[in-house]
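On the provided structure of chain A, position chain B as indicated by the hints.
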Amino acid sequence: MVALNIQEIHKSFSIPTVKLDTVREHILNSFKMGKYLRNRRELRVLSGVSFSVKAGETIGIMGRNGSGKSTLLKIISGIYQPDRGAVQCALPITPILGLGVGWNPELDAIDNIYLLGTVMGLTLRELKTAKDEILEFAGLQEFSRLELKHYSSGMAMRLAYSVAFRAVRGLLILDEVFAVGDREFQERCYKRYEEIRQAGHTVLMVSHGPAEVERFCDRAILLEGGKVVQEGSGQEIVRAYVQLLTSEKAS
Amino acid sequence: MENRFINNHRNGAYLPGLIWTLIRTDFKTRYHGTLGGYLWALVKPLFMFAVLYTVFSVIFSMDPNYNLNLLIGLFLWDFFSEATKTGFLSLQAKTFLLTKTNFPAWIVVLTSASNALITMSILGLAVCAYISIFRRSLSLLEISCFGLYIFIFLIIIIGISLAGSVLFLRYRDINQIWELLMQAGFFFTPIVYPLDIVPHKFHFYLYAWLPTAVIQFSRSVLVKGEIPTITAHLMLLGSASVVLFAGVALYCRLALRSLERL
Numbered sequence: 480m481v482a483l484n485i486q487e488i489h490k491s492f493s494i495p496t497v498k499l500d501t502v503r504e505h506i507l508n509s510f511k512m513g514k515y516l517r518n519r520r521e522l523r524v525l526s527g528v529s530f531s532v533k534a535g536e537t538i539g540i541m542g543r544n545g546s547g548k549s550t551l552l553k554i555i556s557g558i559y560q561p562d563r564g565a566v567q568c569a570l571p572i573t574p575i576l577g578l579g580v581g582w583n584p585e586l587d588a589i590d591n592i593y594l595l596g597t598v599m600g601l602t603l604r605e606l607k608t609a610k611d612e613i614l615e616f617a618g619l620q621e622f623s624r625l626e627l628k629h630y631s632s633g634m635a636m637r638l639a640y641s642v643a644f645r646a647v648r649g650l651l652i653l654d655e656v657f658a659v660g661d662r663e664f665q666e667r668c669y670k671r672y673e674e675i676r677q678a679g680h681t682v683l684m685v686s687h688g689p690a691e692v693e694r695f696c697d698r699a700i701l702l703e704g705g706k707v708v709q710e711g712s713g714q715e716i717v718r719a720y721v722q723l724l725t726s727e728k729a730s
Numbered sequence: 063m064e065n066r067f068i069n070n071h072r073n074g075a076y077l078p079g080l081i082w083t084l085i086r087t088d089f090k091t092r093y094h095g096t097l098g099g100y101l102w103a104l105v106k107p108l109f110m111f112a113v114l115y116t117v118f119s120v121i122f123s124m125d126p127n128y129n130l131n132l133l134i135g136l137f138l139w140d141f142f143s144e145a146t147k148t149g150f151l152s153l154q155a156k157t158f159l160l161t162k163t164n165f166p167a168w169i170v171v172l173t174s175a176s177n178a179l180i181t182m183s184i185l186g187l188a189v190c191a192y193i194s195i196f197r198r199s200l201s202l203l204e205i206s207c208f209g210l211y212i213f214i215f216l217i218i219i220i221g222i223s224l225a226g227s228v229l230f231l232r233y234r235d236i237n238q239i240w241e242l243l244m245q246a247g248f249f250f251t252p253i254v255y256p257l258d259i260v261p262h263k264f265h266f267y268l269y270a271w272l273p274t275a276v277i278q279f280s281r282s283v284l285v286k287g288e289i290p291t292i293t294a295h296l297m298l299l300g301s302a303s304v305v306l307f308a309g310v311a312l313y314c315r316l317a318l319r320s321l322e323r324l
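Those protein sequence lines, which keep their order, are chains A and B. 480 is the number of the first residue of the first sequence in our numbering; add one for each residue after it. 63 is the number of the first residue of the second sequence in our numbering; add one for each residue after it.
Treat the hints as calculated values from the structure; they're not laboratory data. Treat the hints loosely; a few may be bogus.
Calculated lysine-lysine pairs in the BS3-like style (CA-CA distance at most 25 angstroms, straight line) [unchecked claim]:
id, chain 1, residue 1, chain 2, residue 2
1, A, Lys706, A, Lys607
2, A, Lys610, B, Lys286
3, B, Lys147, B, Lys90
4, A, Lys533, A, Lys706
5, B, Lys263, B, Lys286
6, A, Lys628, A, Lys607
7, B, Lys90, A, Lys628
8, B, Lys106, B, Lys147
9, A, Lys607, B, Lys90
The shape of chain A in the complex, shown without the other chains (with noise of 0.2 angstroms):
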């Protein structure tokens, strides 16, 4: 069964050369419509991005920085529109997308993981039972009336990924997720991220890490400049964007 089938999505983003984001500004630039239209310029961000994923594979996604990662997952997600192409999902989605999950700092944590796990799709019943069970995972218990705005990045973290791990639904997608916490946390992440996989949860993961796409991943793709350059298994994957960075730095 398809999972997830992406096709030919395009998506670019009118960048003003120009600021203008008051009333006034749009004002006295109408008085200039020329210049106006001349002061943006399109920068095209994915090009026709195609690829599917079966229920229950894990597939890896390696580009460079501003190759397009994070705007496709932010597509598939549904946070941002493609400007053409279709996104079909035949699963409810996890996105866990960047490293600030979306806290409210004034709040403490067992605030925090109600605000985060319903925005996330979980009912207030089952955040009544696992949050003792988040907090533990985050190894967090004795902070949890503190205000997140004292929490260490890190700490806000290892929250934040607790609660995204515990509201997986059907496809989890994942954003450079295993980059955060020490090695322990890490270790943690891996074993409940193995649960998931073996719960037959289909993954879609951005990693710059080679060991993460060789050891989860069962295929994986390289985008280069919003288009996919190659497709294949995960150590095919990771030596053609190793090539790619090689290359770049001998350029």
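Chain B only, in chain A's frame:
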């Protein structure tokens, strides 16, 4: 190829919990760390009432219901003003969630009115209790009518907030423009002065500004015990529906691309 996103498999069981959590966290963070806490929300309209009553009760001393009319006008206006101002900034305020996860962003706009609604409900209940104890007993029909006007006001607020929230992401000074409109609107609406002092030929224009209609209808049922006509009710409900429809239409048209600006 047509652009589309298909993922209808996430069920809506989490939505009541999400709405409750957003309301709860907004309430907690609004007065977080303040000495008076939630009392500040109640003090603001009451203090305004005290100041305006001291000044204007001398001018309008011939009206025995002036204080009650002023109080009703003030807390309803405060509800409208606070809720729309928060609504304009609601999407921006939740950037930390909206750029990381996918959930219906309109819920954020809807729940942004909750703080103002709670304050208005407390003051509304207090005013109803005061009228029942010291003036005259309110009938169930009168209280129901007042509840209906609050509901209609909420429809208007949601319509304006939906439109304002997405426009703000494109034009960052739109909330400043709205605040200026609110300042002018405060004096355009018959809050500190009775509607009767305005020549009758201008009443239509005052009623076209919907807060006037809601405030006057509320005063009519609570203070005088007179229920406006069915036609007047239908006109108010129709106008509110137009505002809501326009807000929803603008939101649906702009939201997807505007949210990418967060």
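Consistency of the hints with the structure:
1. Distance hint between Lys706 (chain A) and Lys607 (chain A) is unfulfilled; the C-alpha atoms sit about 43 angstroms from each other, more than 25 angstroms.
2. Among the hinted pairs, Lys610 (chain A) with Lys286 (chain B) is inconsistent with the structure: their alpha-carbon atoms are about 53 angstroms apart, more than 25 angstroms.
3. In summary, the hint linking Lys147 (chain B) to Lys90 (chain B) is supported, as the alpha carbons are separated by about 18 angstroms, within the 25 angstroms threshold.
4. Our distance criterion of 25 angstroms between C-alpha atoms is met by Lys533 (chain A) and Lys706 (chain A), whose separation comes to about 21 angstroms.
5. Proximity of Lys263 (chain B) to Lys286 (chain B) is assessed by CA-CA distance (about 23 angstroms); at most 25 angstroms being required, the pair is judged to hold.
6. A C-alpha spacing of about 23 angstroms is found between Lys628 (chain A) and Lys607 (chain A), which places the hinted pair at or below 25 angstroms, so the restraint holds.
7. With a C-alpha separation of about 15 angstroms, the suggested pairing of Lys90 (chain B) with Lys628 (chain A) holds against the 25 angstroms cut-off.
8. About 16 angstroms separates the Cα atoms of Lys106 (chain B) and Lys147 (chain B), which keeps this hinted pair within 25 angstroms; it holds.
9. Proposed proximity of Lys607 (chain A) and Lys90 (chain B) is supported: the alpha carbons are some 19 angstroms apart, at most 25 angstroms.
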